[in-house]
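S.K.: Listed in order, the protein sequences are those of chains A and B. So for the first sequence, full-length UniProt numbering puts the first residue at 1; every next one is plus one. So for the second sequence, full-length UniProt numbering puts the first residue at 1; every next one is plus one.
Read the hints as simulated data drawn from the structure, not as lab findings. Keep in mind that this is a model prediction, so the values were computed, not measured. Be careful, since some hints might not be right.
Covered stretches of chain A (in silico footprint by chain B; criterion: 3 or more residues with CB under 8 angstroms from a CB of chain B, positions within the stretch not fixed) [what the hints assert, rightly or not]:
id	region
1	45 to 58
2	70 to 77
3	93 to 100
4	110 to 119
5	138 to 152
Here are the simulated DSSO-like pairs of lysine-lysine, each with C-alpha atoms no more than 30 angstroms apart in a straight line [as the list claims (entries may be wrong)]:
id	chain 1	residue 1	chain 2	residue 2
6	B	Lys102	A	Lys122
7	B	Lys102	A	Lys80
8	B	Lys428	B	Lys221
9	B	Lys294	B	Lys382
10	B	Lys102	B	Lys382
11	B	Lys221	B	Lys102
12	B	Lys382	B	Lys221
13	A	Lys80	A	Lys122
14	B	Lys221	A	Lys80
15	B	Lys287	B	Lys102
16	B	Lys102	B	Lys284
17	A	Lys122	B	Lys221
Cβ coordinates follow ideal geometry from the N, Cα and C atoms, glycine included.
Now for the letters of each chain:
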Amino acid sequence: MTGPAIRDQRAFVSGALFLGFAIFFFVMALNYPAGTAARMGPGYFPRLLAIVLAAIGLTVMLRAVRGTAERQALHRWDVKGLAWVTGSVVLFALLLFPLGLVGSLFVLIVVSSRASHEFTWKGALANAAILIVLCLLVFVYGLGLQLPVRPALFN
Amino acid sequence: MDLFHNLAIGFSTAAQPANLLYAFFGCLLGTLIGVLPGLGPLATIAMLLPITYALQPDSALIMLAGIYYGAQYGGSTTAIVVNLPGESSSVVTTIDGYQMAKQGRAGVALSTAAMGSFFAGCVATLALAALAGPLTAAALLFGPKEFFALMILGLILASVLSSGPFIEGVGMVVLGMLLSLVGTDLSSGTQRFAFGVPQLFDGLDFVPLAMGIFGFAEIVKNLEQDDKLSLVTQKIANLFPTREDFRRMIPAMLRGTTLGTLLGVLPGGGAVLSSFASYTLEKKLSKHPEQFGKGAIEGIAGPESANNAGAQTSFIPLLTLGVPSNVVMALMVGAMNIHNIQPGPEVMTKNPTLFWGLIASMWVGNLMLLVLNLPLVGLWVKLLTIPYRYLFPAIMVFCSIGVYSINGGTFEIYEAAAFCVFGYVLIKLQLPAAPLLLGLVLGPAIEENFRRAMVLSRGDASVFLTSPLSAGLLAAAAVAIILITLPAIRARREEALQE
C-alpha cells in the first residue's frame, strides 16, 4: 500500500507555515541595516531569527515526509463557524461608532449566535437583550468605561 | 525576623478594605470561570486587563492573581461533578473525581479538592515569601548576558513542556519573537514590519492577540464539538471525609504541594504540569495502583494540591527575575506595564507594599475560596446548566469590549479578529499557542540583552559561554534539549502531556 507521498500532512503544513513566515520576515528585514555583531542594526536580530525559523520549518517538513513519519491527515475545517464568529467581531468593529454600543452589540450577539448548531431566533434575541442590559449596567454605569453608547448621528 | 516583618507589611496591605474587596472579586470571578468549561483564566485576565487601568496597581494585581488561583478551585468542581475539566489543570481530577461522584461521594471529593488546594495555597504563599528575598538578590547579579541565557532557558523549557513535538514548540517561540519585533526599534528608532500603520508603531498589542487566539478561536473549536454534559444529579450531601479518607489523602496532599511548589517555579511550569506530574507520582507510589481511575482519593488530593501550589509559585520568576514562566504570567507583565511597574527584582525594593501585599493577598484569597467553594457548591453546579449557545456570545461581548477599551479604538478589534483566524489555523495544525505568546512577550527583552551583551564583548559571541552563570543556564537548556530528543524520555513525555 502506498499512500500520499507526504505521510504526515499536518506536520508538513506546519513546517511550511514556519518557512513562509521566515521568508516573509527575512525579506522584510533586508530593508533595515544589519550592522555588525558588535554594533547591531535594526535588521540583525530579525534576520537571525528568520534563519532559525526557516531551519526549523525545513526540519519539520523533512520529518513529515520521512518514511518513518506517522500518517496524519489534515483536520477538517469548520469554515462556517469560523466565518460567523470572526465576521461578528468585524461587524462589531465596523458598526460600533455608526450604530453605537447597543446596536453593534446586538449585531455581534445575534451574528455570533448563528455559529452554534442549536441556534434559535428566540434564544438569540433574548440572550442579546439580557447581555446588552448587563453590559450597560456593568461597563457604562458601573465601571464608567468610555464607550460610544449612542449612534454617531445623535452626537 | 525579616520574613515576618515583610509579611506584616503584606497583610496590612492585603487587609485594606478595597484590596479585600478586589481579592474577593477576583476569587469569585476565578471560581466562576473555573467552573465554566471553555472559558479560562487567560481569556478572563486578558479581558479585564484594560479595565484595571482605573484601579490602584496593588488592587489590580491582587484581583488578577485571584482569578488565576481561583480558577484552580472552580475547575475541580466541574471535573468532579460533570466529568469535564473546567480548567486544563483539572484534567486529571476528572479521572478519579467523577468516579467518586458516581459512587455517591461527590461531596467528599469536592471537600478533598478544596482542602488540598487550601493547604497548598498556604504552603506556596510561605514558599513565595521565603524564596523571594534570595532570588531577588541573585537577580541583581545578572547582567545582559545572564538575562539573555535565563530567558533562552525559560523559552526552551516552555517548549519542552508544551504539547506536541518539541521542535514545533521552538518554532512557535521563534515566530512569537519575530512578531514581537513589529514596531519601533528602541535603539535606532526604525519602524520595523509596521507597513506605515501608525497603530503598529508601538508593536503588536498582547491583549488582542491573546483574545483572538484564546478567546475567539477557542469558541470556534468548542462549537465544533457539541458534547452533552452528563451532570451528576444526586444531591451533594456529606462533605466530610472519613478517618480512612484523611489517612490516605494527607500524605498525597503533602507530596502534591511539594511537587507543585517546585514545578511552579520552573520556567514553563505552572498549574497544568504540576497536576499531571502529581497524578503520575501518586499512582506510582500507591500500594493500590489498581484503584486509580476507580475513585482513588489520592488521585484528587495530590493533583489538586499540586495545581494550586504551582499556580502560586509561578509568580516567583516573574516577581524576582522579571521572567514570566507561563502565559498567564506573561499577561501579568502586561498588567504591570499598564501601571508602569517594571517586573523584576526592582518590584520588591521599589514597591514593597505591592510585592508583599500581593503575596499576603494570596493567603487571604485562599481562605475566601474555601468559604466560597464548599458551602456554595450547589450554586456553581447550577451554572453548568447554562447551555453553551448562550454562554459563548457573552464571552464574545466581554472580549470585544475589553479589546476596544485598550485604546478606545476599533483597530485592536480588527487585530483580534485576524488572530482569531490565525488561532484557528494553529488549532487545526495542533501547534501550541502558549510558546508563541511567551516568545512575543520575551522577544524585545531578549533582543535588547543580546545586543547589549554583544556591544560589551565587542561582537564576541563566546562571552555567553565564558561567564559561568550564563554558561550554566545555557548548559541547562542544552541538557533539556538533549534529554527531550532521547527516545525513551520522549515517549514518557508524550504520555504525560497528552490530554
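S.K.: Compare the structure with each hint and give your call.
M.R.: Here is how each hint holds up against the structure:
1. 45 to 58: Held - the region 45 to 58 of chain A has 8 residues with a Cβ nearer than 8 angstroms to chain B, which meets the minimum of three.
2. 70 to 77: Held - the region 70 to 77 of chain A has 3 residues with a Cβ nearer than 8 angstroms to chain B, which meets the minimum of three.
3. 93 to 100: Satisfied; 4 residues make the cut.
4. 110 to 119: holds (count 7)
5. 138 to 152: With 6 residues close enough to chain B, the hint holds.
6. B/Lys102 - A/Lys122: violated (36 angstroms)
7. B/Lys102 - A/Lys80: violated (38 angstroms)
8. B/Lys428 - B/Lys221: Cα-Cα ~9 angstroms, so holds.
9. B/Lys294 - B/Lys382: It holds: about 26 angstroms lies between the C-alpha atoms, which stays within 30 angstroms.
10. B/Lys102 - B/Lys382: holds (18 angstroms)
11. B/Lys221 - B/Lys102: holds (29 angstroms)
12. B/Lys382 - B/Lys221: With Cα atoms ~24 angstroms apart, lysine 382 of chain B and lysine 221 of chain B stay inside 30 angstroms; holds.
13. A/Lys80 - A/Lys122: holds (21 angstroms)
14. B/Lys221 - A/Lys80: holds (12 angstroms)
15. B/Lys287 - B/Lys102: Distance ~23 angstroms between lysine 287 of chain B and lysine 102 of chain B Cα, so the pair holds.
16. B/Lys102 - B/Lys284: At roughly 24 angstroms apart (the allowed maximum being 30 angstroms), lysine 284 of chain B and lysine 102 of chain B satisfy the hint.
17. A/Lys122 - B/Lys221: Satisfied, since the Cα-Cα distance of roughly 24 angstroms is no more than 30 angstroms.
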